[in-house]
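Got chain P sorted already, so can you dock chain A onto it with the hints?
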Amino acid sequence: MKILLVDDSGTMRTIQKRCLNKLGIEDVVEAEDGVRALQAFEAGGFDIVLTDWNMPNMDGLKLLQEIRSRNKDIPVVMITTEAERSRVVLAIQHGVSDYLVKPFTQDGLKEKLEKWMAVRA
Amino acid sequence: MTATMTAAAPLSMTAATTADYVNPVIAATQSVFEIMLGCTAKRTGLRLKQFPEPQPEVSCVIGISGRAAGTIIVGLPKEVACSVLERMLGTVTEEVTDEVCDAIGELTNMIAGAAKAKLAKYELSISLPSVVTGEGCLMHHPKSICPFEIAFDSDIGPFTIDVAFHVL
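Chains as they are written, first to last, in our numbering: chain P, 1 to 121; chain A, 1 to 168.
Just chain A, same shape as in the assembly:
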């Protein structure tokens, strides 16, 4: 599917740079979903987020540091987050339990780690994952960073990944 850009990119964010960041995250996501969850993740959209928007009910944030800084945020509706746990451990739940948060944290850790390996030239380090739950949370980024939202659909439902990098 063709990428949909809903806002002009900042001057510092060239198309090449965008591809530099976004493509490794897409590839890492598809690989992790395939290996750990046994399901296919298809990218359905790509856009810039100019203003804080409500996050999905379960969002996991991993900080990035090194020659680029920022965050990778995996956001999932509650039902999809629960399905991740079911795919990983076989545990069925309809509520966002500690187990669900742990599974989403590890899933995000693997996505960020795999993307980091593909971005070796930036000598990145990643933080431990933190999971935010609840409806309507707004994520505020530093003004120098304009995050990309990559939308996916999968066998277990839709989810998004926000990539908010700033080259140092």
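One chain only, chain P, in its complex shape:
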């Protein structure tokens, strides 16, 4: 299982990576914005993408659009502070697979990860 983890905050990447490691996933590629994430994605081989929304250079919604133009099947989970219904709907319209609002509990994150790991297993 190979995960692309995208967040401009190193703190949030560390929190999420630790959770992934606890679930037995060691193959995690980190990116701090959408541009670097897309470069990594194009190298291929990912099973799940976890992405923040608000980031410099390219935000998570644009990244989602770029990924969907290349791959319609890979699970993309948005992990973001954008909690309004209108924003969630917008992300769904652009093809997001799942959505987790920050702040999240460890159990909430684990639940999302396990769900999509089972789908890709």
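Worth flagging that the hints you see were computed from the coordinates, not collected in a lab. Only a predicted model underlies this, so the values are computations on that prediction, with no experimental measurement involved. For each residue, glycine too, the CB sits at the ideal point set by N, CA and C. Among the hints, erroneous ones may be present.
[Stated by the list, open to error] Here are the computed lysine to aspartate or glutamate pairs in the DMTMM-like style, where the Cα-Cα straight-line distance is at most 20 Å:
hint	chain 1	residue 1	chain 2	residue 2
1	A	Lys118	P	Glu84
2	P	Lys17	A	Asp98
3	P	Lys17	P	Glu30
4	P	Lys17	A	Glu99
5	P	Lys22	P	Glu111
6	P	Lys2	P	Asp27
7	A	Lys121	P	Asp27
8	P	Lys110	A	Glu135
9	P	Lys2	P	Glu111
10	P	Lys17	A	Glu86
11	A	Lys143	A	Glu86
[To be verified] FRET-style restraints, in silico, Cβ to Cβ:
hint	chain 1	residue 1	chain 2	residue 2	range
12	P	Lys110	A	Lys42	25 to 31 Å
13	A	Asn23	P	Gly108	21 to 27 Å
14	P	Arg18	A	Glu79	40 to 46 Å
15	P	Gly44	A	Leu128	37 to 43 Å
16	A	Ala19	P	Gly108	28 to 34 Å
Frame of chain P, contents of chain A only:
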């Protein structure tokens, strides 16, 4: 605790409007501290800031735009900022490192995001967080905006949140 108002509110800032802005920020702050830091944040004061005052040593600013504009500023003494990093990642430090600034930026981002969701009627957008460090920095707001300072105490120490909104 009863709110302490140290200056008269501008005519445009009715009590209802104040509650509209301030209560969602208080609720968002308490929720983020509970979930991300595992600690309770209690509001200890509320006042208007009529003049620029020195900020705490670590202050994070997030801009607000939409049908209201302004800023949310989370200010923490150095020791409290370091404790935020320790609570989030377990990393112990006594200095304001890049990691501390990143943690405070993300904490502020979550507070502003949660407050924004509670203020959906204003259709707000928030900027990326910027962290200012150092003693004695003064924050100058546009004259049309009179910021509220919400004071909190918590298991890791005191901190403040300045809410400076202007309805468009």
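Sort out which numbered hints this structure fails and list those numbers smallest first.
7, 8, 11, 14, 15
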